[in-house]
Amino acid sequence: MTASSPSFDRYGDPVPSSPVVLSVPHAGRDYPLALRTALRVPIAAVTILEDRHVDAVALAAHALGLGRETMLVQRRARAWIDLNRSELERDPAIDEGAVWTALPRLSAKVRGGLGLVPRRVMGAGELWRRRLDAHDVAARIRQDHRPYHAQLASELAAARARFGTAVLLDVHSMPSLGPGKPRIVIGDRFGRSAHSRFVAAIESVAHSADHAVALNAPYAGGHILETHARPADGIHAVQIEFDRSLYLDPAGDGPGDGLAATAALLRRMIDVLADEASAAFPIAAE
1 MTASSPSFDR
11 YGDPVPSSPV
21 VLSVPHAGRD
31 YPLALRTALR
41 VPIAAVTILE
51 DRHVDAVALA
61 AHALGLGRET
71 MLVQRRARAW
81 IDLNRSELER
91 DPAIDEGAVW
101 TALPRLSAKV
111 RGGLGLVPRR
121 VMGAGELWRR
131 RLDAHDVAAR
141 IRQDHRPYHA
151 QLASELAAAR
161 ARFGTAVLLD
171 VHSMPSLGPG
181 KPRIVIGDRF
191 GRSAHSRFVA
201 AIESVAHSAD
211 HAVALNAPYA
221 GGHILETHAR
231 PADGIHAVQI
241 EFDRSLYLDP
251 AGDGPGDGLA
261 ATAALLRRMI
271 DVLADEASAA
281 FPIAAE
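Under our numbering, think of the first position of the sequence shown as 1, with each following residue one higher.
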């Protein structure tokens, strides 16, 4: 991979065929050599940061729709750079460049070690042998973070121009919240990132599959929704979190028997979002 080639894959028709645009930012399993040599913990310790194989769910759902919707899937691992954090959420505890570029007040995620470049993970502690070079982190921002967001913004603008509205579905997965707890969490930044009809449509699909659902707790959506959602301008954004036990094997490592059903569920969510967008908002002239 060259410095100029994107670290994500784009799927779908060249011209938007649906108002729905899919984003899968946290399933990447590309761990560059520079990352692996800088770790002070085994590589298995940082794979916990992945939305493990949720890209397989998204790709299967995409195929069920004949592969036409626009979808971006990040290949780089979240441990390298987190696309769902602002490029200003740099952690001064490990990042030499944070003193010049970080937010003046650290976010809760940064304080907890989950900034633009994660510093620590639960159960493993601190990740890095040494502090990160400012120019190295800046290069990750230029080569990985900004291109993904620029492409996503472009795809949403194209869908909005063609259909009169666009709906971003940001696809994630989560560890099990515990017995009797929700297995699907929908985030809309507490009503700020999408019209309520889109959230209600997804929630209805989840309930029809007998899944307990939570709204905005414990995941309300992050930087991707905050950056790209503009409901007043016809661009809505919703985050969806699937309990990993729905689609992974019992060891939680690879795709399991539930993947097909979870992909079919995601497919129905995509379809109802497209239907709601078409029914509720006028389609722009082509």
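Hints are not guaranteed to be accurate.
Stated by the list, open to error - Restricting the straight-line Cα-Cα distance to at most 25 Å, the calculated cross-link-like pairs of lysine to aspartate or glutamate (DMTMM-like) are:
#1 K181 with D136
#2 K109 with E226
#3 K181 with D210
#4 K109 with E96
#5 K109 with D30
#6 K181 with E203
#7 K109 with D136
#8 K109 with E126
In short, the hints are calculated from the structure, not lab data.
(message) Hint check: K181 vs D136, CA-CA at most 25 Å. Holds or violated?
(response) Cα-Cα ~41 Å, so violated.
(request) Sort out whether D210 lies within 25 Å of K181, counting only the CA atoms. (result) holds (13 Å)
(message) Can you confirm whether the C-alpha distance between K109 and E126 stays at or below 25 Å?
(response) holds (15 Å)
(message) Given the hinted pair K181 and E203, is their Cα-Cα distance within 25 Å?
(response) Answer holds: K181 to E203 is near 15 Å, not above 25 Å.
(message) Checking one constraint from the list: CA of K109 to CA of E96, max 25 Å. Satisfied?
(response) Holds. K109 to E96 sits at ~18 Å (cutoff 25 Å).
(message) Hinted pair, alpha-carbon criterion (25 Å max): K109, E226. Please report holds or violated.
(response) Holds - the C-alpha atoms of E226 and K109 are around 15 Å apart, at most 25 Å.
(message) K109 and D136 were given as a pair; does the straight-line alpha-carbon distance stay at or below 25 Å?
(response) holds (21 Å)
(request) Could you grab the alpha-carbon distance between K109 and D30 and see if it respects the 25 Å cut-off? (result) Between K109 and D30 the Cα gap is close to 23 Å, so the pair holds against 25 Å.
Taken one by one, the earlier hints fail for this structure only at number 1.
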